[in-house]
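In order, the protein sequences belong to chains A and B.
Just so we're aligned, residue 0 is where the first sequence starts under numbering that gives the first Met the number 0, counting upward by one.
Just so we're aligned, residue 0 is where the second sequence starts under numbering that gives the first Met the number 0, counting upward by one.
Do not rely on the hints blindly, as some may be mistaken.
Pairs involving identical chains hold if they fit within one copy or between any two copies, as the list cannot separate such chains.
Unchecked claim - Straight-line Cα separation of at most 20 Å, SDA-like style, residue types lysine to any residue; simulated pairs:
#, residue 1, residue 2
1, K33, T81
2, K545, D323
3, K432, P246
4, K432, T82
5, K401, E236
6, K33, N423
7, K432, T13
8, K307, L318
9, K125, M0
10, K485, N315
11, K96, F85
12, K307, A170
13, K310, P343
14, K11, D218
15, K567, E233
16, K503, S560
17, K1, R47
18, K425, A8
19, K1, Q61
20, K171, K401
21, K432, L559
22, K310, T490
23, K33, P90
24, K307, E58
25, K1, V63
Hints were generated in silico from the structure; no laboratory data involved.
Nothing here was measured: the structure is a model prediction, and the numbers come from that model.
2 protein chains.
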Amino acid sequence: MKASQFLFATLKETPSDADIASSQLMVRAGLIRKIASGLYIWLPMGLRILQKVERIVREEMQNVGAQEVLMPMTQPAELWQTTGRFDDYGPELLRFKDRHDRDFVLGPTHEEVITNLAQGELRSYKQLPITFFQIQGKFRDEIRPRFGVMRAREFTMKDAYSFHVDQASLAKTYHDMYDAYTRIFTRLGLDFRAVQADTGSIGGFASHEFHVLADSGEDDIAFSDSSDYAANVELAESVSTAERQPPKMAREDVLTEDMTSCKMVAEHLDIPLSTTVKTLIVHGHTEDDEPQLIAIVLRGDHQLNTIKAEKIEEANVPLTLASDEELKAAGLHKGYIGVDLDMPVFVDRSAAALSDFVTGANEVNKHTIGMNWARDTRLTRIVDVRNVQEGDPSPDGKGSLKIKRGIEVGHIFQLGDKYSQAMNCKVSGEDGKPVTLMMGCYGIGVSRIIAAAIEQNNDENGIMWPKTPTVSDSIAPFEVAIIPMKSKEETVMQTATALYEELKSQGVNVLLDDRNERPGVKFADLELIGIPHRIVVSDRNLAEDKYEYVNRREAEKQMLSREEVIAKVSGK
Amino acid sequence: MKASQFLFATLKETPSDADIASSQLMVRAGLIRKIASGLYIWLPMGLRILQKVERIVREEMQNVGAQEVLMPMTQPAELWQTTGRFDDYGPELLRFKDRHDRDFVLGPTHEEVITNLAQGELRSYKQLPITFFQIQGKFRDEIRPRFGVMRAREFTMKDAYSFHVDQASLAKTYHDMYDAYTRIFTRLGLDFRAVQADTGSIGGFASHEFHVLADSGEDDIAFSDSSDYAANVELAESVSTAERQPPKMAREDVLTEDMTSCKMVAEHLDIPLSTTVKTLIVHGHTEDDEPQLIAIVLRGDHQLNTIKAEKIEEANVPLTLASDEELKAAGLHKGYIGVDLDMPVFVDRSAAALSDFVTGANEVNKHTIGMNWARDTRLTRIVDVRNVQEGDPSPDGKGSLKIKRGIEVGHIFQLGDKYSQAMNCKVSGEDGKPVTLMMGCYGIGVSRIIAAAIEQNNDENGIMWPKTPTVSDSIAPFEVAIIPMKSKEETVMQTATALYEELKSQGVNVLLDDRNERPGVKFADLELIGIPHRIVVSDRNLAEDKYEYVNRREAEKQMLSREEVIAKVSGK
Numbered sequence: 000m001k002a003s004q005f006l007f008a009t010l011k012e013t014p015s016d017a018d019i020a021s022s023q024l025m026v027r028a029g030l031i032r033k034i035a036s037g038l039y040i041w042l043p044m045g046l047r048i049l050q051k052v053e054r055i056v057r058e059e060m061q062n063v064g065a066q067e068v069l070m071p072m073t074q075p076a077e078l079w080q081t082t083g084r085f086d087d088y089g090p091e092l093l094r095f096k097d098r099h100d101r102d103f104v105l106g107p108t109h110e111e112v113i114t115n116l117a118q119g120e121l122r123s124y125k126q127l128p129i130t131f132f133q134i135q136g137k138f139r140d141e142i143r144p145r146f147g148v149m150r151a152r153e154f155t156m157k158d159a160y161s162f163h164v165d166q167a168s169l170a171k172t173y174h175d176m177y178d179a180y181t182r183i184f185t186r187l188g189l190d191f192r193a194v195q196a197d198t199g200s201i202g203g204f205a206s207h208e209f210h211v212l213a214d215s216g217e218d219d220i221a222f223s224d225s226s227d228y229a230a231n232v233e234l235a236e237s238v239s240t241a242e243r244q245p246p247k248m249a250r251e252d253v254l255t256e257d258m259t260s261c262k263m264v265a266e267h268l269d270i271p272l273s274t275t276v277k278t279l280i281v282h283g284h285t286e287d288d289e290p291q292l293i294a295i296v297l298r299g300d301h302q303l304n305t306i307k308a309e310k311i312e313e314a315n316v317p318l319t320l321a322s323d324e325e326l327k328a329a330g331l332h333k334g335y336i337g338v339d340l341d342m343p344v345f346v347d348r349s350a351a352a353l354s355d356f357v358t359g360a361n362e363v364n365k366h367t368i369g370m371n372w373a374r375d376t377r378l379t380r381i382v383d384v385r386n387v388q389e390g391d392p393s394p395d396g397k398g399s400l401k402i403k404r405g406i407e408v409g410h411i412f413q414l415g416d417k418y419s420q421a422m423n424c425k426v427s428g429e430d431g432k433p434v435t436l437m438m439g440c441y442g443i444g445v446s447r448i449i450a451a452a453i454e455q456n457n458d459e460n461g462i463m464w465p466k467t468p469t470v471s472d473s474i475a476p477f478e479v480a481i482i483p484m485k486s487k488e489e490t491v492m493q494t495a496t497a498l499y500e501e502l503k504s505q506g507v508n509v510l511l512d513d514r515n516e517r518p519g520v521k522f523a524d525l526e527l528i529g530i531p532h533r534i535v536v537s538d539r540n541l542a543e544d545k546y547e548y549v550n551r552r553e554a555e556k557q558m559l560s561r562e563e564v565i566a567k568v569s570g571k
Numbered sequence: 000m001k002a003s004q005f006l007f008a009t010l011k012e013t014p015s016d017a018d019i020a021s022s023q024l025m026v027r028a029g030l031i032r033k034i035a036s037g038l039y040i041w042l043p044m045g046l047r048i049l050q051k052v053e054r055i056v057r058e059e060m061q062n063v064g065a066q067e068v069l070m071p072m073t074q075p076a077e078l079w080q081t082t083g084r085f086d087d088y089g090p091e092l093l094r095f096k097d098r099h100d101r102d103f104v105l106g107p108t109h110e111e112v113i114t115n116l117a118q119g120e121l122r123s124y125k126q127l128p129i130t131f132f133q134i135q136g137k138f139r140d141e142i143r144p145r146f147g148v149m150r151a152r153e154f155t156m157k158d159a160y161s162f163h164v165d166q167a168s169l170a171k172t173y174h175d176m177y178d179a180y181t182r183i184f185t186r187l188g189l190d191f192r193a194v195q196a197d198t199g200s201i202g203g204f205a206s207h208e209f210h211v212l213a214d215s216g217e218d219d220i221a222f223s224d225s226s227d228y229a230a231n232v233e234l235a236e237s238v239s240t241a242e243r244q245p246p247k248m249a250r251e252d253v254l255t256e257d258m259t260s261c262k263m264v265a266e267h268l269d270i271p272l273s274t275t276v277k278t279l280i281v282h283g284h285t286e287d288d289e290p291q292l293i294a295i296v297l298r299g300d301h302q303l304n305t306i307k308a309e310k311i312e313e314a315n316v317p318l319t320l321a322s323d324e325e326l327k328a329a330g331l332h333k334g335y336i337g338v339d340l341d342m343p344v345f346v347d348r349s350a351a352a353l354s355d356f357v358t359g360a361n362e363v364n365k366h367t368i369g370m371n372w373a374r375d376t377r378l379t380r381i382v383d384v385r386n387v388q389e390g391d392p393s394p395d396g397k398g399s400l401k402i403k404r405g406i407e408v409g410h411i412f413q414l415g416d417k418y419s420q421a422m423n424c425k426v427s428g429e430d431g432k433p434v435t436l437m438m439g440c441y442g443i444g445v446s447r448i449i450a451a452a453i454e455q456n457n458d459e460n461g462i463m464w465p466k467t468p469t470v471s472d473s474i475a476p477f478e479v480a481i482i483p484m485k486s487k488e489e490t491v492m493q494t495a496t497a498l499y500e501e502l503k504s505q506g507v508n509v510l511l512d513d514r515n516e517r518p519g520v521k522f523a524d525l526e527l528i529g530i531p532h533r534i535v536v537s538d539r540n541l542a543e544d545k546y547e548y549v550n551r552r553e554a555e556k557q558m559l560s561r562e563e564v565i566a567k568v569s570g571k
C-alpha cells in the first residue's frame, strides 16, 4: 500500500474524551473515530487490524469444526420472552418497536436465536455434537460507555454455541474450545491467562474467562508463576501451607486504649500485622433457619472475600455486618472482639495456622497476646474466606501466586440446558427417546482484543503491536514501512519503490510512505501507529548500498544491506 | 469439507411463506432460515456463498483504490437531523431511543456518517479524491418484507462514498466505479445490464442502476440487442427512425358509432392499430401560469409514459387527465377527440411520423381517416412521451430494443453537494479557499445478488450457480461433490477420500458427501444446492478405474478416468 493512497488520520493531541491509553492511542493513530458515546467508525488503518484478528479467530474456530453462520442483529422479542430474558435482562438490552408496533431487540448475544435454530434443524443425536459461530456486530446499551472500543455500545464479537446430547460431549467441546482460545491468544502474541471464572456444579469447571494482563484491566487475576493456574482474585482458593506451631507464650491481656484496629495494635506492640487476627460479626442463621450472629476470623493483614464467605452454609446472602446495637446486645465491644465467642466461629485457613497471636480481649481497651488455638479456645470451623495475596502458594501446589489486572477478552461457558429447556430444544436420542440438549457458549470480544493488545503494548511514542509467534499472524496494520528521504530525488524514490515491490511480491505487508510530509512527521506517525519495522532509504546511505533499519521495540538504528534488511523484515 | 461435519438443512417441501423461486430455493437448499418477517439467519451453506460474493466485491473496490471502513449500524439522530432526513425519510428508517432517551436510527444507509467523517478528517484538496467503502448489515423497516433476502429488513450491503473537489473528479471516480461494478457482475457470471437511471443536469449521466435480468424482476429494462445501451423502460428514449411519407389518401370522416377506442376503430376499419392515433387531454398551464388544457397525441398501439410527459414544460405535475365536464366545456367528445384542436397539441415522435392515419373527428360517433400532418393540421410540437417497446430502434442507433425484467443489484449515483452542503464538508482548495466537496455514492446489495443469481439460474431440481469466467470466482458453496456409493465398503471410501484429498490439495472447493443417507437423497440434495460437479465413486466402476461424472447443467453422465475427472472439475 502506498501511504499517499491511504487515509492517515493521526492526531498530535490526545482527544479529551479518550480515557485510557488504548482509546487515546487508537484515536490518535487514526484507527477509530467516535461518532457518539460508545459508537465508533473503524477507519481504514483500524479495520485492517480488526480483519486480521477476525481471520485468526475464524481459522481457529474452523479448526475445531465450528460452522460459521450469520444471525441478524435485530431479533424478535418473542424469542426473548420464551426464555424470560426480555423482562430479566437489564437496560443494556435495547428494546424497540418496528413500524407495525411489534417488539424487537438489538442483539447483545444470540442464545435465543441459535437455540431456536437448533430446535428447528436438529432432529437426531446423530447430528451432534454441533457448534455454530459467527463474527458479528453486537449492541449493548451501556449506561456509561467508556474505554473506547473496550466498553463500546456497538462492537464486534465472535460468539459460538455448541449442542450436545450429554454432559460428556459438552465437556469435550468445551475443552476443544479452551484449546482453540489458547491458540488464538497465543497466535496473537498476547500475555494472557485462562481464568477459572466459576466452579460449576456439573463436573469440572463450567466457565473460564480469558484475560489479557494489563494494568488498566478491570479484574484482579491471581496466577501461578510456575504453572497455568489462574483465577479471578475473588474466586482463587487460598491454601495455607504453614503448620501451626506449638504455643510458646502464655496468654495475657494487655491494655490497648482506643486501639480498635489490628494495625494500631500491631504498631503499639511492635509486632507484624500478620500475627494479629480480626473478628467480623455477620448475620447468619441456624440449621433451622433461626437468625443468629456468626463470627469470621481473619489474619489482620488479610482481606475478607465476600463471595467465599457467602458460601458458608450458616451465613446470610448477601453478607451483612452486625450493627453496633446488635453487637452491644450480644455483649461485644467493637474493636475489641476476640475469638472465644458464644456463637459459631469460622476461622480462615491462614488465621487457623497462627500460634501466639493477638486478638481482642472481649473487653473495651484490652487485647489478648499469646493467644493459641486449642489451648485457649476451640477451633472447629476452618474455612477459606480471604482474598489471595501476591506471594501466596498457588492452589495447584506449583509455585506461588502473582496478581495482575486483567482485561477479559474471552469467556467460555457450559450453559447446560437453561436455554434448550426453555425453548423445548430436543432431539431423539440413541434409544429413540427425546433428549433435551446440553449447550455451551463461547465468546470473544474481537474489537476489544485490539484495545487490550494496545494496553499491554505501548510506550510514550505510541502503539507497539504484540510480537506474534509467526509473522503472518501479526496484527500490525502494516508490518514494514519504507520511507524515502527526499522523495523527490529520483534514485531514492526508485530504490524505495523497488524495495517496496520486492517485499510485496514476497507477501510482506508493507507500506511505502510516499506522503508529502517531513521525515519527522512520518517517523512520529509510524511510531504512533506502531509499524514494527522501519526502513529509511536515503541518498547518503545508498552510495554505500545501505538501508537504515529501526525496529519499533528497539532504539538503535542499524545500517543493513539490501539482503539483510529483506531478511530482517520478512521474518525468514 | 466432509458433509457429515456440515449442516445440511435441505427441505423436501417448499415453505408456504416463500414467495418466489429464489426464496423458496434458498430456504429449501438450507442456505437461509427466517426468524421473523424480513429477518434471516445465514446457515453455513449460505454464508459460504455470501462470503464468496463479499470477497469479489471487496477485491474490485480495492482495485479502484477504495478504502475499507466499518461504520456502526446504530447512528445518532443528530446527524440525520442535520441533513433533514430524520424527518423526511419514511418509516423505513427505524428510529429508536437509547436508555438515556436520546434519538438514534438503525442505518439504512450511511451518507450522514461518512460525510461527518469526511468533514472531520479531510482538510485539503491534496487528500482528494478519496473513496471509502464498507460491507455491512443494513436495516430498512420495509412495510411488507418479501422475496426472501431480496427485500429483507436486515441485509448485507456494500456501500461506497467518494469525495471530490470538482465535478470532473467525481465523473472520473464514477466512471471507475461503473467499470468496477461491470467487472464484479461479470466475474460473478451474471447476465446484467447497467441501466441509465436518471439523466442528471450536471453533465453526463448522474446515476446508473445495475440490473440482473430475470423474469421475477420488479423493473422493466429496455436494452439494445447490439450494444450496451440499457435503460429503465420508464426512462428509455423512444426514437423514431421512420420518415413521414407523403399523403396518399384524401381526408374523410367515417361513421364509428359507439367506437370510443382506437382498438374498436381499427378492428372496424380492418386496419393496423399502429395507423390510428389517440389524443389525451391533460391539465396544463400557459407561460404565465394560467391554467389551460393541453393535448398529447400517441399512436393507438403505444403507451403514455407519465414521467416523460411530465417533462413537457406546459404540463402540470403530477400529470392529470381532464374530467368529462372539462372536456364537455371545451367542446370535446370523449372517444372522438381529434388532433386539430384549439389548444397546444404535443405529438409523440412515432405519431408524428404517421401519414394517412385515423383520428377522432371531434364529432360524436365519427372518426377521420386519411388524416395527414401539415396538409390537414399543424404539427409544431413533437415530443417523446411514450414507453419504448420491444423491437424499437435502440436510441444509441445500434440494433433494436429488447425488454426484460430486471432485479436491481447495484446503484451508482453522483450526489453532488447535497450532503456536503448540509454538513458543511469543505476542504481548502488549490487556491487556498474553502471548497464544498462533491460526492458520489455507490451501493451493491450483496445478499440480494445471491437471490438474483438464483432467479436467473434454476430449474425444477433446484439451484444452478452462474458459470463464472474463472472457476475461483464461482459462488457455489462447493464446486465439486464426491459421493461414495456404499460408503461402508472400504475401497470405495478410501478411493473417494483419496480423490477428495487430492482435489483439496489443488485448492478445489470440494465436498465429500460421507453422510449416512441413500444415494438418491444425496443426489437430490446436491442438485437442490446446485453443486456444479458431481463425482460418484462406486465399486462397479472402480474395477474399470472409472468415475461417474455429472455436470449440474447437463443431463448425461460421463465415465471418466481419474485424470480426466480431476481435469474436468479443477477447471484446468
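Status of each hint after checking the structure:
no.	hint	in the structure
1	K33 / T81	between (36 Å within a copy, 18 Å between copies)
2	K545 / D323	neither (79 Å within a copy, 92 Å between copies)
3	K432 / P246	neither (65 Å within a copy, 90 Å between copies)
4	K432 / T82	neither (24 Å within a copy, 61 Å between copies)
5	K401 / E236	within (13 Å within a copy, 79 Å between copies)
6	K33 / N423	between (42 Å within a copy, 19 Å between copies)
7	K432 / T13	neither (63 Å within a copy, 29 Å between copies)
8	K307 / L318	within (10 Å within a copy, 79 Å between copies)
9	K125 / M0	between (49 Å within a copy, 18 Å between copies)
10	K485 / N315	neither (74 Å within a copy, 65 Å between copies)
11	K96 / F85	both (13 Å within a copy, 17 Å between copies)
12	K307 / A170	neither (25 Å within a copy, 69 Å between copies)
13	K310 / P343	within (15 Å within a copy, 94 Å between copies)
14	K11 / D218	neither (31 Å within a copy, 52 Å between copies)
15	K567 / E233	neither (45 Å within a copy, 62 Å between copies)
16	K503 / S560	within (18 Å within a copy, 41 Å between copies)
17	K1 / R47	within (15 Å within a copy, 32 Å between copies)
18	K425 / A8	between (52 Å within a copy, 17 Å between copies)
19	K1 / Q61	between (33 Å within a copy, 13 Å between copies)
20	K171 / K401	neither (30 Å within a copy, 61 Å between copies)
21	K432 / L559	neither (72 Å within a copy, 46 Å between copies)
22	K310 / T490	neither (74 Å within a copy, 60 Å between copies)
23	K33 / P90	neither (22 Å within a copy, 27 Å between copies)
24	K307 / E58	neither (39 Å within a copy, 55 Å between copies)
25	K1 / V63	between (37 Å within a copy, 14 Å between copies)
When held up to the earlier numbered hints, the structure conflicts with 2, 3, 4, 7, 10, 12, 14, 15, 20, 21, 22, 23 and 24 and fits the remainder.
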